[in-house]
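2 protein chains.
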Amino acid sequence: MPAARDDLKHELVRSAPTSRDVARIAGVSHSAVSRAFTEGASISPRMRAKVIEAANALGYRPNLLARSLTTGRSKLIGVAAANLENNFVSHALELLCARLTDAGYQLLVHTAYRDSDVKESQLEELLRYKLHGMVLLTMRLPDKLAECCTREGVPIVYFNRPVSPTGLGFSVQAPNEEGGRQIARFLVEGGFRRLAFMAGHPDAYSSRQREAGFTDELARLGASPPIREIGDFVVATAMTAARRLLARPDRCDAIFCANDQMALASIAVAQSEFGLKVGKDLAVVGFGDVPMASWPNYALTTYAMPLAAMADEAVAFLLNERSPVSERRQVILPGKLIVRESAPARRDVR
Amino acid sequence: MPAARDDLKHELVRSAPTSRDVARIAGVSHSAVSRAFTEGASISPRMRAKVIEAANALGYRPNLLARSLTTGRSKLIGVAAANLENNFVSHALELLCARLTDAGYQLLVHTAYRDSDVKESQLEELLRYKLHGMVLLTMRLPDKLAECCTREGVPIVYFNRPVSPTGLGFSVQAPNEEGGRQIARFLVEGGFRRLAFMAGHPDAYSSRQREAGFTDELARLGASPPIREIGDFVVATAMTAARRLLARPDRCDAIFCANDQMALASIAVAQSEFGLKVGKDLAVVGFGDVPMASWPNYALTTYAMPLAAMADEAVAFLLNERSPVSERRQVILPGKLIVRESAPARRDVR
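Going down the list, the protein sequences come from chains B and E.
The numbering of the first sequence is this note's numbering, which starts it at 11 and goes up by one.
The numbering of the second sequence is this note's numbering, which starts it at 11 and goes up by one.
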């Protein structure tokens with residue numbers, strides 16, 4: 011029946027209802043509709059109820075862009091993320107989205123395959139939307155962006171990194187240095203003697219802090235300093251670094267990798283290319299506790315970051331912060347070492 | 011020097027420049043500034059150059075929210091995504107972001123941990139921003155959302171799923187059915203006889219199509235129908251399904267999983283819990299070719315989806331589409347089978 015089909019199509023493509031349609035149906039003035047949807051505007055409860063009823067009947071949606079113009083700030087939170095292949099980043103994004111949308115905000119996301127692909131000029135484009143706030147899930151420190159945000163009164167959350175020296179805002183971090191220390195104690199007490207450290211990207215504060223805690227604690231315990239390779243937080247680079255470490259004649263008996271993704275890649279190489287039994291011939295420790303760390307083929311010993319609590323703190327800051335931001339604030343939330351088979355508590359001497 | 015510090019702070023928190031500041035510095039009228047930043051507005055090249063120079067000197071950013079009000083459409087693309095732990099989804103998001111931001115658009119992203127966590131009412135909130143377009147990276151079909159988008163003239167891209175029966179828009183897909191057929195031929199020709207299929211979520215069109223192609227081609231070749239388990243596109247469920255399959259006395263010699271993530275989980279279980287040599291005792295085939303499929307501990311045979319080409323098509327549609335959308339359109343782009351060690355071309359009879 012072609013006629014019925016045309017009707018359907020007409021129904022589907024009819025245009026969205028406007029505030030004037032709502033005014034007409036509710037039998038009120040156009041300005042009453044606008045007041046009904048503005049927080050704190052002067053309108054009687056009865057009048058507002060009439061407007062809401064008509065709006066619901068029509069499927070009218072007040073234009074949030076227009077509202078943002080009046081208030082000077084949108085309900086948009088900018089998020090800069092990179093390397094979603096790392097499940098720490100993708101899960102942080104999911105947690106932030108769940109909590110912020112429940113609070114009536116939406117996420118304007120800029121994401122790149124690698125941190126090095128993040129273009130600062132494109133991040134600055136986000137600021138054109140009069141953001142309510144900004145979250146940095148990238149490991150680099152885009153100083154100019156921090157400056158722009160501060161100038162425009164946009165509060166920034168630095169997720170697992172310190173506040174930029176050129177900006178103001180809030181930093182929520184895992185105990186990166188303390189985690190590194192705990193891993194040093196765990197390995198030394200477990201009887202591991204030839205240690206290696208695989209660093210992340212040289213710009214990454216988290217990697218530097220984990221390394222500082224690890225090497226400082228080893229020195230304090232009188233252990234030899236670790237052999238060092240750079241995995242760059244990139245899988246292919248981490249695999250190459252693992253191959254270099256494992257091909258050495260004085261092979262290490264334990265590797266601490268600055269994040270889980272590099273630890274999983276190292277396990278893959280150790281098992282498949284060197285025929286090593288991870289947990290017996292070689293201990294591997296990560297940092298983060300991503301979901302895959304608990305898969306049976308990895309069973310990764312790792313320092314669990316308090317991701318959900320970190321997301322909660324970030325959201326609390328964004329929802330409560332008054333613009334303009336005028337301070338630097340920082341919290342470090344507790345994490346804990348999770349011992350699985352990839353690095354047992356006692357070295358199995360053979 | 012406390013004085014210098016206060017100066018710095020004052021500098022940091024000074025408010026963003028306005029169009030009036032630009033007018034003052036450029037020595038032009040306020041309306042000239044607004045015309046200079048409006049495409050097609052009447053203004054002399056000399057006047058526009060003056061305004062742009064003053065704007066750059068001040069770091070002035072035209073308010074895109076205000077611009078959107080005039081044009082009736084923002085430069086925002088909505089994206090609904092779920093299960094970023096699946097690298098097919100996270101990589102699609104990265105590709106879309108790179109291409110769309112290069113074209114001057116920004117992504118308003120709604121993401122959930124699981125497809126079942128996506129709240130349709132929150133997706134509809136995205137429409138308040140007068141979206142230029144919408145991309146669905148979720149596997150469920152939110153019919154009501156499709157209806158709303160169509161009514162409001164927002165073009166939808168259905169990524170790897172067909173256009174909703176209640177909506178209009180553009181669908182870009184991998185050859186899901188054909189991929190399933192190729193995998194059936196590959197396994198039968200390779201000498202595998204006891205086949206299993208692990209399905210994704212029952213609502214997922216892609217899983218149903220892959221299964222339809224697989225089972226239909228097996229029947230056509232006179233092979234026995236596969237044993238069937240449901241992995242739901244969720245890692246924990248897929249691991250349970252793999253355990254059930256592998257514990258059977260008449261154990262299969264090959265499993266085709268409806269996506270790579272479930273195939274990787276099956277390999278983990280087969281190796282670590284059943285002591286099986288994948289590629290020898292058991293063949294595992296996936297669908298997608300996520301980055302981890304090529305890791306040496308998986309070496310997953312899989313049907314590679316044309317992800318980059320799919321993102322290109324999606325972006326081309328979004329940039330060229332005129333609102334309102336008035337049709338359903340669909341393209342299927344070619345993929346190819348990638349043979350690695352997890353399922354060799356010939357069964358190694360022992």
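Hints in this document: simulated from the structure, not taken from any laboratory.
It cannot be assumed that every hint is accurate.
Because identical chains cannot be distinguished in the list, a pair is counted as satisfied if it fits within a single copy or across any two copies.
[Unchecked claim] BS3-like cross-link-like pairs, simulated, lysine-lysine; straight-line CA separation at most 25 Å:
hint	residue 1	residue 2
1	K290	K154
2	K85	K154
3	K85	K129
4	K290	K129
5	K346	K290
6	K346	K129
7	K60	K287
Hints and how they fare:
1. For the homomeric pair K290 and K154, neither the shortest alpha-carbon distance inside one copy (48 Å) nor that between copies (55 Å) is at most 25 Å.
2. Taking the shortest Cα distances, K85 and K154 sit within 25 Å of each other both inside one copy (23 Å) and across copies (24 Å).
3. Within a single copy, K85 and K129 get their C-alpha atoms as close as 24 Å, and across copies as close as 18 Å, so both meet the 25 Å cut-off.
4. For the identical chains of this complex, K290 and K129 are neighbours neither inside a copy (44 Å) nor across copies (46 Å), given an alpha-carbon limit of 25 Å.
5. Taking the closest pair of Cα atoms, K346 and K290 come within 25 Å of each other only inside a single copy of the chain (23 Å); across copies the shortest separation is 39 Å, beyond that limit.
6. Taking CA atoms no more than 25 Å apart as the test, K346 paired with K129 passes in neither setting, with 35 Å inside one copy and 33 Å between copies.
7. In this assembly of identical chains, K60 and K287 lie within 25 Å of each other by CA distance neither inside one copy nor across copies; the values are 71 Å within and 69 Å between.
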